[in-house]
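**Q** This is what each chain is made of:
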Amino acid sequence: MMRIGLLASIVALLLGAPLVLSGHVVGVLTTALIAVLFAMAFNLLSGRAGMLSFGHAAYFAIGGFAVIHAMQAVEKGLLWLPTPLLPLVGGVAGLIGGLCAGYFATLRSGVYFSMVTLALAELLHAIAPNLGSIFGGEVGLTTMRMPWTSFDYGNEVHVYYTVVAWVVLCIGLLYAYNQTLFGRLTVGVREAERRVSFLGYNLHHTKIIVFGVSAMFSGIAGGLLAFTTESINYSILGMGMSASVVLHTFVGGSGVFFGPAVGAFVFALFGSLVSDMTKNWLLYQGILFVGIMMFMGDGLAMLWLRIVNEFKERNWSALKLRALLLPPGLLVAAGVVTLLELTSRILDQQYAAIVSRTKAWPPVSLYGFNWNPTALATWLVPILAIGAGAGLVFLAISRAGREAAPRAALAGEHAR
Amino acid sequence: MKKYLVSTAVAALCVFGSAAARAEPLKIAVIEAFSGPNAQTAIPFVEGVRYAIGKLNKEGGFNGEPIVVTEYDSLNQTAGAAEKLKAAIADGARIIIQSTNSAITAQISEDVRKYNLRNKGKEILFMMEGSEAAEFTAEKCQFWAFKTASNPFIRIKALVSAMKDTGKLGSKVYSINQNYSYGVDHEKAQALYAKEAGAQIVGSTLHDTAKIQDFSPYVAQIKASGADTILSGNWGNDIILFMRALGDAGLKVNVGNTSLDTTGALSAMGPSALGAVLVKLYNLEAGGKAGETFAEDFKAVIGHYPYNEEPTTAFGTLLLGEALKKVSQPGGKVDIKAVALALENVSYDSPAGRWSFRKEDHQLLLPVAVSEVSKEARYKVDGTDMGFKLLKIVSPEDSAVPVDPKCKMDRPS
Chain A
1 MMRIGLLASI VALLLGAPLV LSGHVVGVLT TALIAVLFAM AFNLLSGRAG
51 MLSFGHAAYF AIGGFAVIHA MQAVEKGLLW LPTPLLPLVG GVAGLIGGLC
101 AGYFATLRSG VYFSMVTLAL AELLHAIAPN LGSIFGGEVG LTTMRMPWTS
151 FDYGNEVHVY YTVVAWVVLC IGLLYAYNQT LFGRLTVGVR EAERRVSFLG
201 YNLHHTKIIV FGVSAMFSGI AGGLLAFTTE SINYSILGMG MSASVVLHTF
251 VGGSGVFFGP AVGAFVFALF GSLVSDMTKN WLLYQGILFV GIMMFMGDGL
301 AMLWLRIVNE FKERNWSALK LRALLLPPGL LVAAGVVTLL ELTSRILDQQ
351 YAAIVSRTKA WPPVSLYGFN WNPTALATWL VPILAIGAGA GLVFLAISRA
401 GREAAPRAAL AGEHAR
Chain B
1001 MKKYLVSTAV AALCVFGSAA ARAEPLKIAV IEAFSGPNAQ TAIPFVEGVR
1051 YAIGKLNKEG GFNGEPIVVT EYDSLNQTAG AAEKLKAAIA DGARIIIQST
1101 NSAITAQISE DVRKYNLRNK GKEILFMMEG SEAAEFTAEK CQFWAFKTAS
1151 NPFIRIKALV SAMKDTGKLG SKVYSINQNY SYGVDHEKAQ ALYAKEAGAQ
1201 IVGSTLHDTA KIQDFSPYVA QIKASGADTI LSGNWGNDII LFMRALGDAG
1251 LKVNVGNTSL DTTGALSAMG PSALGAVLVK LYNLEAGGKA GETFAEDFKA
1301 VIGHYPYNEE PTTAFGTLLL GEALKKVSQP GGKVDIKAVA LALENVSYDS
1351 PAGRWSFRKE DHQLLLPVAV SEVSKEARYK VDGTDMGFKL LKIVSPEDSA
1401 VPVDPKCKMD RPS
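Top line first, the protein sequences correspond to chains A and B. One point on numbering: in this note's numbering, the residue at position 356 of the first sequence is 356, and numbering is uninterrupted. When you read off a place in the second sequence, starting at 1, and then add 1000, the result is the number in this note's numbering.
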């Protein structure tokens, strides 16, 4: 019941967002939602069926190119299709591409499967620049959305609502898929491949279908991107796209249905918003990824579920520990960010030019303060913050450990 | 308390006073890949723009106000660039400058065109200051976009004519290029202009882009063809490794290329690059005294002598500055249509010659510098004893190529 309430309020928030947010932020949300759908589609294959694909950008791109070609055909009057249904073309193209590629890729499992998917995607990536008429060459393909009933599609809010509708519908379908017998069989492929074939199912066909369905939803996501930007280019076939979907899925947590959605949403917003503030955003994204993998390897969604469970079980000591760890953790983060930002500002070419011209080290501006790079305090403050924060984290953990130890011993007594 | 009151009053006065006297400042957005592996390519373009805007502001800015420049990180993705364009427009930017990555240029150009269609009276001007793809002044040409870069046809026309005039063009030409739209355009241009110069194409190759580690089979093929001149539009590792393979084979031929000046290329190619000919939009040796003044002024502001694409974007932005000066009135409004119309008629005198736009397709007409890799160059690069010695400046009239018939520009009424 609570879960349905949460989902309904998320959908309501998404629907209400354009009323309060500026056009630019609505655009950011649109791309974040597309990343969400792509990660969810990817996780059907990697999380549910246990087949880690390193080349999912291929199906995303196939969907995108199919939609652009369809849009161009609509623009020229060669094809009749209502504008909001265009992403469907991407789904069909993704399904066909996925079934064909899936036939070969699923002949092998494990690492070999991953390598085949990688090779197939790279194959397409290598061929695309040479096929100018299909992939548009270096400058790519562009087109224009046609108006549909009262939607003129010149406004990003119209695009946003179309994307929300498609993403919600597709995630709903993915959820329904998991509830079906075939959805259970998909998990079976991950858990015990051999048993699936002993039960009388054709393992290879099952895998091809799962691959195809995952590619179909990826194709819809790619189609939505093409629909949003009204353009596409072969660079989308590159490794970067395939890698980012893996990253999103693991950050969010592939073990939870909504995990990949959380990861994709957080990282897509992170990329768009933090890159406005600092040029080092990729470094922070990397640190965040490593941090999440080291300290909560099952992802952000799992962390959320744990906290919810602790509330339900009234496990106050665990919650108290989390609350105690938060401020020193933030202190460490602030110290690290300050150090990195100061360093990068001093290493900047423009700053180096000023230094070589004036032969002095002028103060650099950060958070509205001027920091003098030759003063000891400038460097001591962030280092002290990191040290103090780390010390407090260590203290809190060891104290919690000491408190927990007698209780664990007691629990041991009971067990005996 | 009293002090607080006084300072508040002064602040309020300042705010009201400035609101009354100040015109709306012109905002320019630079959308470029500031992060990730492509940031290295983007930096020279941005430095050129920074220099030029600094100079324009020193000369009085626009409408009596300094021009405000904001830099946006495109994340080197088309979707990212489209988002940042929206952000820039929301922040009030009226002119967009972008240089690297033709895919992003195409995205922004299309978005600007559509935005202007949908927002009459609030138009945006787009300066493409680096993308070389020929499409931008052909099927993708549009009124609101101005291209201050060349294209393969302009470059190869200038290269071939200068090589012919300096006796570096043989009679048998081999053409080797990368197999994608840019390389294919180069191949077409090389075939066309070599033939016009009376040379014969004895062979041509299109190879995979940035994937080949060993060019010796290609060099063997060139040797077998009997070519005495090689023309190539290769960039990055594809020209470095090719030149090294050529040096290793000991093949003595003339080489003409467009990207020998990439940072690190000369030191990587070593002596095998000596004698190779580079065609570029500018050479620091050009323009005598005026050229030296520009180089020293740039160094005083930015911290080093201009290199790579820095002079090109500096001149491109200063050409925009000429149009801005023409429509600037103290206290006036920002009228982008007037700026665009002025931009079609102004010119900027760079040390090497006159820069101006062609009205029909908004292609830049410019003098093109053809140089030779030599130990006698005035400015040595990459810490080697080699540099680019100016061979010839090809005049804007001689480097211009005809307007592409595919360019159909919708002009505002």
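Since the hints were derived computationally from the structure, they do not count as laboratory data. Treat the hints with care, as some may be off.
Estimated spans, in silico, between C-beta atoms of each pair [unchecked claim]: (1) B:Val-1403 to A:Thr-374: 53 to 59 Å; (2) A:Tyr-103 to B:Asp-1208: 48 to 54 Å; (3) B:Ser-1225 to A:Ser-356: 45 to 51 Å; (4) A:Trp-80 to B:Leu-1192: 40 to 46 Å; (5) A:Leu-131 to B:Lys-1289: 48 to 54 Å; (6) A:Pro-373 to B:Lys-1172: 44 to 50 Å; (7) A:Leu-269 to B:Asn-1057: 49 to 55 Å; (8) A:Asp-276 to B:Asp-1208: 50 to 56 Å.
From the three backbone atoms N, C-alpha and C, an ideal C-beta is built for every residue, glycine too.
**Q** Holds or violated: 45 to 51 Å for the Cβ distance of Ser-1225 (chain B) and Ser-356 (chain A)?
**A** holds (50 Å)
**Q** Quick check on a hinted range of 48 to 54 Å for Tyr-103 (chain A) and Asp-1208 (chain B), using CB atoms only.
**A** Cβ of Tyr-103 (chain A) to Cβ of Asp-1208 (chain B): about 27 Å, so the range 48 to 54 Å is violated.
**Q** Range first: 40 to 46 Å. Now tell me if the beta carbons of Trp-80 (chain A) and Leu-1192 (chain B) are that far apart.
**A** At 42 Å between Cβs, range holds.
**Q** Given the hint of 49 to 55 Å, check if Leu-269 (chain A) and Asn-1057 (chain B) actually sit that far apart at their C-beta atoms.
**A** violated (35 Å)
**Q** Just tell me: holds or violated, for the beta carbon distance of Leu-131 (chain A) and Lys-1289 (chain B) against 48 to 54 Å?
**A** holds (51 Å)
**Q** Look at the Cβ atoms of Val-1403 (chain B) and Thr-374 (chain A) and judge whether their distance stays inside 53 to 59 Å.
**A** Given about 58 Å between the Cβ atoms, the range holds.
**Q** Does the hinted range 44 to 50 Å hold for Pro-373 (chain A) and Lys-1172 (chain B) at CB?
**A** Once the Cβ atoms are compared, 60 Å apart, the range 44 to 50 Å for Lys-1172 (chain B) and Pro-373 (chain A) is violated.
**Q** Can you tell me whether the CB distance of Asp-276 (chain A) to Asp-1208 (chain B) sits inside 50 to 56 Å?
**A** Given range 50 to 56 Å: violated, Cβ gap about 37 Å.
Hint violations for this structure: numbers 2, 6, 7, 8, all remaining hints satisfied.
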